[in-house]
Amino acid sequence: MRGPGAERGQADLLVSAAVDARWPRGDPIDWSVMLLQIVTAFFLSAGCGQAVANRPANVTSLVSSRIEDRLLKKFDFNEEPLGNYEPMPMNWQQVTGAGYPRYLEPVFDKELGHDAPPSFKLGLAGGSLACRYAASEISVHPECEYLITAWIRPRGLAHARAFVTAFYLDHAMQEISNSRRRSAEVRGAGRDEPWTRVAIELPSGFANARWIGLSVHVEQAEPPVAGPAQPRPIHREDVHATAWFDDITVLRFPRVSLRFTAPGNVFPPETPVLCEVLVGDLDGRGLESRLEVFDEEGLPIDSRSVATRPVGGPAHAFDLGPLLPGYYEARLTVDADGHEAITRRQSFVRLAALPAPIGGGGGFGIALNASALQNRHVTQRLVELAAPSAVKLPLWRGPMSDAAIVEGDKSGDQLVRALRERGVGVVGVLDEPPHSLAAAFGHPGYSVIDVLAASPGRWRPYLAFLLARYGDEVSAWQVGGDKPQLGTERASLSAALANVRETLRPLVGSPQIAVSHDIRIEPADPGLGADVASLFVPAEIGSSRLSTQIAGFVRKDAPANWAMLEALPAHPLEPRVHLAETARRMVEARSAGIDTVFVPQPWCAPDGGGPVVPDRAFVALRLLGNALSGLAPMGDVAFAPGVTARLFGEPAGRSGVLVVWTEGDGPNPARVVCDALLEAAHYDIRGRMRPTASTPRGRVFTVDAAPSVIMPVDTKRIQTVSSFHVEPVDVKVQVEPNRRRLRLRNFFGAAMTGDLVLMPPEGWRVSPERHQISLGPGAWAEIDVSIQLPANQAVGDFALEARFTREGDSTPELTLRAPVRVTSPGLDVGVLTRVDGTRLHIVQRITNRTDRALDLRAMVLFPDRRSETRMVRRLAAGATTVREYVIDHADRLVGRPIRVTAEEPEGGLRCHRIVTIEAPE
1 MRGPGAERGQ ADLLVSAAVD ARWPRGDPID WSVMLLQIVT AFFLSAGCGQ AVANRPANVT
61 SLVSSRIEDR LLKKFDFNEE PLGNYEPMPM NWQQVTGAGY PRYLEPVFDK ELGHDAPPSF
121 KLGLAGGSLA CRYAASEISV HPECEYLITA WIRPRGLAHA RAFVTAFYLD HAMQEISNSR
181 RRSAEVRGAG RDEPWTRVAI ELPSGFANAR WIGLSVHVEQ AEPPVAGPAQ PRPIHREDVH
241 ATAWFDDITV LRFPRVSLRF TAPGNVFPPE TPVLCEVLVG DLDGRGLESR LEVFDEEGLP
301 IDSRSVATRP VGGPAHAFDL GPLLPGYYEA RLTVDADGHE AITRRQSFVR LAALPAPIGG
361 GGGFGIALNA SALQNRHVTQ RLVELAAPSA VKLPLWRGPM SDAAIVEGDK SGDQLVRALR
421 ERGVGVVGVL DEPPHSLAAA FGHPGYSVID VLAASPGRWR PYLAFLLARY GDEVSAWQVG
481 GDKPQLGTER ASLSAALANV RETLRPLVGS PQIAVSHDIR IEPADPGLGA DVASLFVPAE
541 IGSSRLSTQI AGFVRKDAPA NWAMLEALPA HPLEPRVHLA ETARRMVEAR SAGIDTVFVP
601 QPWCAPDGGG PVVPDRAFVA LRLLGNALSG LAPMGDVAFA PGVTARLFGE PAGRSGVLVV
661 WTEGDGPNPA RVVCDALLEA AHYDIRGRMR PTASTPRGRV FTVDAAPSVI MPVDTKRIQT
721 VSSFHVEPVD VKVQVEPNRR RLRLRNFFGA AMTGDLVLMP PEGWRVSPER HQISLGPGAW
781 AEIDVSIQLP ANQAVGDFAL EARFTREGDS TPELTLRAPV RVTSPGLDVG VLTRVDGTRL
841 HIVQRITNRT DRALDLRAMV LFPDRRSETR MVRRLAAGAT TVREYVIDHA DRLVGRPIRV
901 TAEEPEGGLR CHRIVTIEAP E
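The numbers in the working numbering rise by one with no breaks, and the one at position 526 of the sequence shown is 526.
Don't read these hints as lab results, they were simulated from the structure. C-beta: ideal position from N, C-alpha, C; glycine also. Some hints could be false.
What the hints assert, rightly or not - In silico EDC-like links for lysine to aspartate or glutamate, alpha-carbon gap of 16 Å or less:
id: 1; residue 1: Lys410; residue 2: Glu473
id: 2; residue 1: Lys74; residue 2: Asp115
id: 3; residue 1: Lys73; residue 2: Glu201
As the list claims (entries may be wrong) - Between beta-carbon pairs, the in silico distance windows are:
id: 4; residue 1: Pro355; residue 2: Arg576; range: 22 to 32 Å
id: 5; residue 1: Asp192; residue 2: Ala125; range: 17 to 27 Å
id: 6; residue 1: Glu489; residue 2: Asp557; range: 22 to 32 Å
id: 7; residue 1: Asp557; residue 2: Gln772; range: 36 to 46 Å
id: 8; residue 1: Arg865; residue 2: Thr838; range: 16 to 26 Å
id: 9; residue 1: Arg765; residue 2: Arg743; range: 14 to 24 Å
id: 10; residue 1: Asp518; residue 2: Arg765; range: 51 to 61 Å
id: 11; residue 1: Arg873; residue 2: Ala791; range: 18 to 28 Å
id: 12; residue 1: Pro399; residue 2: Arg331; range: 26 to 36 Å
id: 13; residue 1: Ala454; residue 2: Pro224; range: 17 to 27 Å
id: 14; residue 1: Gly83; residue 2: Arg331; range: 46 to 56 Å
id: 15; residue 1: Gly666; residue 2: Thr838; range: 21 to 31 Å
My request is simple: use the sequences and hints to build the entire structure.
Pasting the structure below:
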């Protein structure tokens, strides 16, 4: 069974003879487990003491011998042949102390084992049990890395858990600080749970490392942390529980490192993408390494061989060459004798060269977390590259020590000062009271709101130093974290805000006070005392309904309107969809009137150390922050059917930006023709410039599910062109003409006079076709027309085009397109197509919308005039029927129009649809 955290290797079948007895053929092979199985096979066949030279000289023995060279220690707990008849393994000691009762006894179990008995059994009868191995036997080299694997079988571990730890010891057999690593936890409440493999990687770089120490644990669950949501949690323990440990191995691997030269792995457009790679080993036998680069879709775009260096040798420096802007992953793989042994991954971002922002700044912010303070220099650089107008920073937080409260946090002080010098507004977040203050209140249910609502004398010493220190640097203070505590009483919140304001006034004057408010409950009460309500938007609220949700919360009389967008879960969304939806939520929040949209910091620092790496949202934040900086939302634009378009522009100018995307998450792009965007450039969400084609009808833009930016645009021209529409939008296929009204508004600052000539689709008759128009600024033109459709007109979405020629204008012509939806009264026909190999399946759904039974003829007409017909007899009113057509040689129909029809042979009802078969990807 594969355990948590196991790396899946691509081991080939050369070593199958050594592992067939325990590994079913055809299953994917876990390389770390493979190592253990190979070594076991070697021991069983030759014995631990047999020399390699005495083994048969074949491929399998060669592979096994090289792996065996890297095996430092194996614990199979069969120690009677070695003279140990005690109940405990040699050199293992029971851990004692609080929570580890002495009456628990770890013992050999001679009846149970992973490959074979015995195993090491740790049984609980209350409390926890652990044993430590700290003999000077597993010697190490500080420039190498080590893999520890073990097998664990649980029984009755519903709440308790079993795990293994590994650590380095110095020459004095003392554990080296920060070297301890812990395996995944194993649980299992049943009596017959399977064996589970766990693994630990001990990194290199500990200069004083001399030996490896190990420990095995069966421990009760950590006591739950009391808090406002659960002030008196129940701590559940397993009174009787057991875990068996077996086949613990320690293997030496080369030192492997992968790092990029740019802070946070984000490369500006003018900086080369440099990567430093090191694979260092004592002898390098059987090792092959490669560096691969993958794009955001996981497709390989580069691969390079990496030579093994001697221990202590320099790293290889690779210039990854010209890369398009976007998100990438570098993967360093080390193969031992042809099998994947070690993998290192790091993401990085190449930024695009973007034009200078049209507006003056503002629009998006970053909610930093506590890791930003621990990586100050990286945070400064990433904020500079992302260019937000503001950041939120948790300046009052639980882990703060009393010394940090009084004397200050040097890293935090320098970060705040550096951000302010760069013109970034800093919002100080009073996230949670320091632990020492919370303990003084004596009740775990007290939130930061409850604490600050209490008498100021109880908490002012903990907060006054902080407020005074950052008074000139922080532009606003937020009381409470971004995710508000539901159920907070109104009186407590009002008292907390008033107390904080009174404490701030003599220290720093009158800065803005903000409080987070959940968008799922009624709008915040402006009488509570906050200047700004920062709306918390949970991930469950998608972009399609975000603007509607926000609309009731925007206060025009407030100094500012903020929103905090919760990060979307990484799964189950595909990376492409995740990035698209993240960007759509950002745009929709700004379009709804939010002044500053905060997003979680688009980079992360791994727990336990490691490099800071960006995530996919970084490119979206940078593009949208640059494009929409300082611009005001100007509403929707009728860009094309199935395309959402949001216009942003200068409050007192004509320059602006159009953000567009297709509806849904499908990968197929839409081609949109528009001649109102004559000089604009088109950028995708990564900042790559998209090519546009020119046609007699205008420029062709390719739009997909991820928002893309068209800039700069003339907002007055776009608004005027977009205002052209038909009322009502539905036009019926019928004998009588459709009486409709065309409307057009002048958004220009001067009068608009000229000729409007209608250009309907082929076969349509629209009268009158020519109109003389004269409109003052802001005025509407209303034109009554008659629209007659041909009897064989297909239903669906169409556009009624018009050409408006302005008198005395430098850009005299405007092409207008009014969306029109063609419907068929009495019949509703839907069509689905599917290509199965060489066959095309067309499924036609017909619904009778009349009040009488119908006899219908259903038909499919192909480009070569072939047709297939199906009859429908006595289809009752309101009833639906389905007809299916199967056509051979589907490849001959790709890209060609196919007409699907339902009509009354002896009546006037008919409905036509045109479908086009797309080429398979």
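Handout entry: Distance restraint evaluation - Pro355, Arg576, Cβ atoms, bounds 22 to 32 Å
Key = Holds: the Cβ-Cβ distance is about 26 Å, inside 22 to 32 Å.
Exercise for the section: Determine whether the Cβ-Cβ distance between Ala454 and Pro224 falls within the hinted range of 17 to 27 Å. Expected result: 25 Å, holds
Problem - Satisfaction of the hinted span 14 to 24 Å by the C-beta atoms belonging to Arg765 and Arg743 - result: Since the Cβ atoms of Arg765 and Arg743 sit about 21 Å apart, the hinted range of 14 to 24 Å holds.
Problem - Hint check for Thr838 and Gly666 - Cβ pair distance inside 21 to 31 Å - result: Once the Cβ atoms are compared, 25 Å apart, the range 21 to 31 Å for Thr838 and Gly666 holds.
Exercise for the section: Check the following: the C-beta atoms of Gly83 and Arg331 are separated by a distance inside 46 to 56 Å. Expected result: 48 Å, holds
Handout entry: Restraint status (C-alpha distance of Lys73 to Glu201 at most 16 Å)
Key = 15 Å, holds
Exercise for the section: Take a look at whether the Cβ-Cβ distance between Arg865 and Thr838 falls inside 16 to 26 Å. Expected result: 21 Å, holds
Problem - Range hint compliance [Cβ, Asp192 to Ala125, 17 to 27 Å] - result: 21 Å, holds
Problem - Satisfaction of hint between Asp115 and Lys74, Cα-Cα up to 16 Å - result: Holds: Lys74 and Asp115 sit about 13 Å apart, inside 16 Å.
Exercise for the section: Mind checking the hinted window 36 to 46 Å against the Cβ distance between Asp557 and Gln772? Expected result: 45 Å, holds
Practice task
Could you say whether the range 26 to 36 Å given as a hint is met by the Cβ separation of Pro399 and Arg331?
Solution key: With Cβ atoms ~34 Å apart, the hint holds.
Exercise for the section: With 51 to 61 Å as the target window, see if Asp518 and Arg765 comply at their CB atoms. Expected result: Check passed, 55 Å falls within 51 to 61 Å.
In this structure, every one of the numbered hints holds.
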